[in-house]
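Based on the provided sequences and hints, a complete structural model is requested.
Residue numbers (the UniProt record's numbering), protein chains in the order written: chain A, 1 to 166; chain B, 1 to 1063.
In short, the hints are calculated from the structure, not lab data. Just so you know, these numbers come straight off a predicted model, no measurement behind them. Don't take every hint at face value.
[Stated by the list, open to error] What the simulated footprint calls covered on chain B by chain A, stretch by stretch (three residues with Cβ under 8 angstroms from a Cβ of chain A suffice, anywhere in the stretch; the number is not a length): (1) 53–67; (2) 167–173; (3) 277–291; (4) 446–458.
Just so you know, even glycine gets a beta-carbon here, dropped at the ideal spot from N, CA and C.
Listed below are the residues making up each chain.
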Amino acid sequence: MIKAVMVINTQGKPRLAKFYDFLTVDKQQELIRSVFGVLCSRAENVSNFMEADSIFGPDSRLVYKHYATLYFVFVFDTCENELAVLDLIQVFVETLDKCFRNVCELDIVFNYSKLHTILDEIVFGGQVLETSSAEIMKAVEEISKLEASSNSITLVPKTVSGWRNR
Amino acid sequence: MALSGMRGLSVFISDIRNCPNKDQERLRVDKELGNIRTRFKNEKGLTPYEKKKYVWKMLYIYMLGYDVDFGHMEAVSLISAPKYPEKQVGYIVTSSLLNENHDFLRLAINTVRNDIIGRNETFQCLALTMVGNIGGREFAESLAADVQKLLISSSCRPLVRKKAALCLLRLYRKNPDVVNIDGWVDRMAQLLDERDIGVLTSSMSLLVALVSNNHEAYWSCLPKCVKVLERLARNQDIPQEYTYYGIPSPWLQVKAMRALQYFPTIEDPNCRRSLFEVLQRILMGTDVVKNVNKNNAAHAVLFEALALVMHLDAEKEMMSQCVALLGKFIAVREPNIRYLGLENMTRMLMVTDVQDSIKRHQAQIITSLKDPDISIRRRALDLLYGMCDISNAKDIVEELLQYLSTADFAMREELSLKAAILAEKFAPDLSWYVDVILQLIDKAGDFVSDDIWFRVVQFVTNNEDLQPYAAAKAREYLDKPAIHETMVKVSAYLLGEFSHLLARRPGCSPKEIFIIIHEKLPTVSTSTIPILLSTYAKILMHTQPPDPELQNQIWAIFNKYESCIDAEIQQRAVEYFALSRKGAAVMDILAEMPKFPERQSALIKKAEVAEVDSADQSAIKLRAQQQTSNALVVTDQHSANGPPPTVPAVGPLTLVKVPSTSGNAEHTSEGQALTQPNGTLTKIDPQTPSEDLLGDLLGPLAIEGPPGAAVQPQQNAVSEVGGVPSAVDGAAIVPVGEYSNSVQPIGNINERFYALCLKDSGVLYEDPYIQIGIKAEWRAQHGHLVLFLGNKNTSPLDSVQALVLPPAHLKMELSLVPETIPPRAQVQCPLEVLNLRPSRDVAVLDFSYKFGECEASPSSSSEQISSAYISVCRRVLSSMEISFRPPLKLQEVVRGVRPLPLAEMANLFNSFRLMICPGLDPNPNNLVASTTFYSESTRAMLCLIRIETDPADRTQLRMTVASGDPMLTFELKEFMKEQLVSIPTAPHGPTAPPTPPVAQVAQPTSPVKALTDPGAMLAAEWSFEDFGLVTRKKSVNGSFLVLVMDGQSLASFRPNNKAEPNK
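In structure tokens:
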């Protein structure tokens, strides 16, 4: 079972944190901090695995992938295959990329709700729900359509300053 | 695709991003939360869009780490809204903010059920997602049947069905009874025929959960799993969108193989054949390729196939193929594959008959110990540890030893423990074992626990053949220039016991042995000295015929330590001295130690326990403990005005000696009531000889006389001798009771205390289990001290109690000390101090803890209570600034001062924050210092001190102290006298107790009389009695400017900078 999904930027700021077991807010923050503490000390070109026993308890595993300014982190137990989870991170990122066209950190920051919707179509209650990014996109678009039909929703450009000064 | 977003949310996020610091962020968040609260309260004008916007803001705030505890009710009620947008909002919040035990959830069950059985697929998806994320037992009971129906329904879209499958999995985990096995097995098998890969993947996850609980019921699903594998891996019968970098859904393949691993064997030969065909294809057909993602996916499948082969215990042919593959993997460039290769090899060790093929890769595994990635290094260490046996122990242990000197600090302790265990378990001969352990101590002494050297001593004691060898080795190590203290301990012990076996060898005569061991004495801590004393006693005993010169030397040492502050050392010194004087009559007592009873190695036992316990001792748990203790400390800080936390009675052990609190400072306070005979205290200590290793080693050496009468007189004698130093040192630190046999403070408490008088932070006390540090900050008469209690061990310290006994002039508030200090954790306990009036009395910290050890004799695992008392004191004067006013001035000639160069004395004064004012006194042999003293009664009080030294005789000086308060003057003078006489750097317990200062009668002298004295004249001239305050200002260029504060400047001078303080 996947225990947690986190997206943390290279400064340690959480961009997405989803825990599939209930944890208090403080605990969540602490875990994010400790994960980041270890992550940022790891060199490039080392494995994508990190000892997580000391942070999440025995038999937990942690796989992460570093893209530009973001770390994508999945924490899970022994029931999952490490490399398969690593592939899942790749699927998640590829889907984001399709959704935002050349995704960057700002897309993720400002489209926080979208990120959640996408993740919910990939991981469901700690289990892998869908692995095909085409299928994921289909589901997400369906939801967007439903939302759009009931609200007028504006486009959020990548730079906020443009419309803030209007 | 169009980006849909919410402008309000984006504005809020960018506001948060623009916050320069955490405080600003909190302000912004609070403002937003207030806004959301009001908007939700007047629900009227809130459109669904706005609601959604606020909800996402709340979720964003929640992610930032703020509690969002309102709106639960609103959220839950939104679930029942008829329209999609509102319902969506309700479900999103509910599943993100609530947990399964939340009461509000119960209210929603019916609505959720209606959504699930309703015809609206989007509603079904929303409801399933929420239940799948937070559904609990109650949901399981009322919804499982409906969810099952959705899953097998032919009319539902795959999108809904895959969610239903995982939702059912969640409900099954919460309550396994909700899946009726008889009815469900066939359905499950049918589900595995599903064509839609999304639904199939989810169903496979469900199957894994079901078979992991009860594989027998689901036999019929086994061939289906094989079929799925065949379909994917052999036929590649899969829609394009489900291939990932050309590999047919690696996740589904992995899941299917996972499910197969829960069945013990495969009986049907056809099925087995087809499976092995597929596995063979996977094993052979996977190559390391350039594309990282493709590589990962292919190897995900491959490693799962390896695991399945291992599980099915295939023909040996396939197994060795697997080992060969793994051997290839651990040498590839791709770090992930190396990592998993090592991990799987470790797993493979459990399969019989492959050890030999794994051993072929030993060299490569050893290379992995030097991998740049610590994750890989750890795997390599695990693997080496696991694959070690009698045939390769020598090589592996030697590699580990070599690696030890370059390994990361994070790994060293584990590494040395593992090396020690392997050496013990697989030693081809015992002398090799001794070599390894001694090397281990030599290379990584800091990381070698006591257990390790205790064990080597046991081995040597129990094996006579080994004794000369071990003694000779120990002798060799002593020749090295700098050796670790543990090495001093073990070699001293071994040589004490067995050096007589070497007597004929060159350089090994008793005298030479004694000299080389004694050389190490100044470098070791208090905990080692008792072992050295025992060694001396043994050497003396073994020297036949007696060598009078050696005897005198050793007796001199015993004499010296008879007055040692450390009770253990003191007792040994006295007893050995008495015993060795008696000569041959009592020789038997000092004869060689008897053999130790055979017992399981505490080390191996510890390793076993650690393996079993690793589940319990999880860091998360430890962290949790740590958290609670921090919380305790924090909460107590707030109750600073309350009474000091109640400290439960600790029985007779808490007997504490309070330093004489002389409220009346005119009376000589020293030497009074401080000499409680040690004898009485010893009796109170209920310590029984412990059964653990330490007890075995140290106990008998300490010659335990019959309790009571026989020992009593000796101890009284000790206290008579020790009376004087304790009177002198007593004010500083009071040895309260004997330290129990096993807890030896590290370092000299007294010295530590003196050192702390000179600085604001440092270590107050240390023993093998705990370290207490202190940090102080003073603002006028208010002090803020923090005690740092650090557990040095890997197991928690229990029943921790700390009580501060303040002297009358100090008001102290110690916040509650947590009862348990988690392993290797440090707890901070703030201590607030208010100085009421001048006094030299010190506060005492009474500290005790319990260290539960389960080790040693298999028959009884005894829990050992060790209590250590430290009397801690904060000499308030030391951290106060002092200055003066002369109505009351005291003068005294102090003799017996430790000679100090003037510059050093100036430094000492400065470190007491008595600022030297150079240039005030024309005589270069004199020092003048000033400071401001703060207390409740005196407020800011200026003090002046003048020291006139005699260049001909540095052991005496005349000290003049003046301030506006008679008590302050007296106390300051006494304090300085103490400091100058028993200079802090002086080692404790030199041959004779420091001569008490021969004080001239210190009488307040009248101002008139004082004027005849040049110092007084100076002082009087400098700040006239009638004037109030003298302050000292540090000007920009660092020189001093002294002003009299009646408005007009009387004196200002800029001395030359040669004695610039603190620069």
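We went through each hint and held it up to the structure:
1. 53–67: Contact hint for the segment 53–67 of chain B vs chain A: holds, 9 residues under 8 angstroms.
2. 167–173: holds (count 3)
3. 277–291: With 0 residues in contact (Cβ-Cβ under 8 angstroms with chain A), the coverage given for the segment 277–291 of chain B is violated.
4. 446–458: violated (count 0)
Violated hints, listed in ascending order, are 3 and 4; each of the other numbered hints is respected by the structure.
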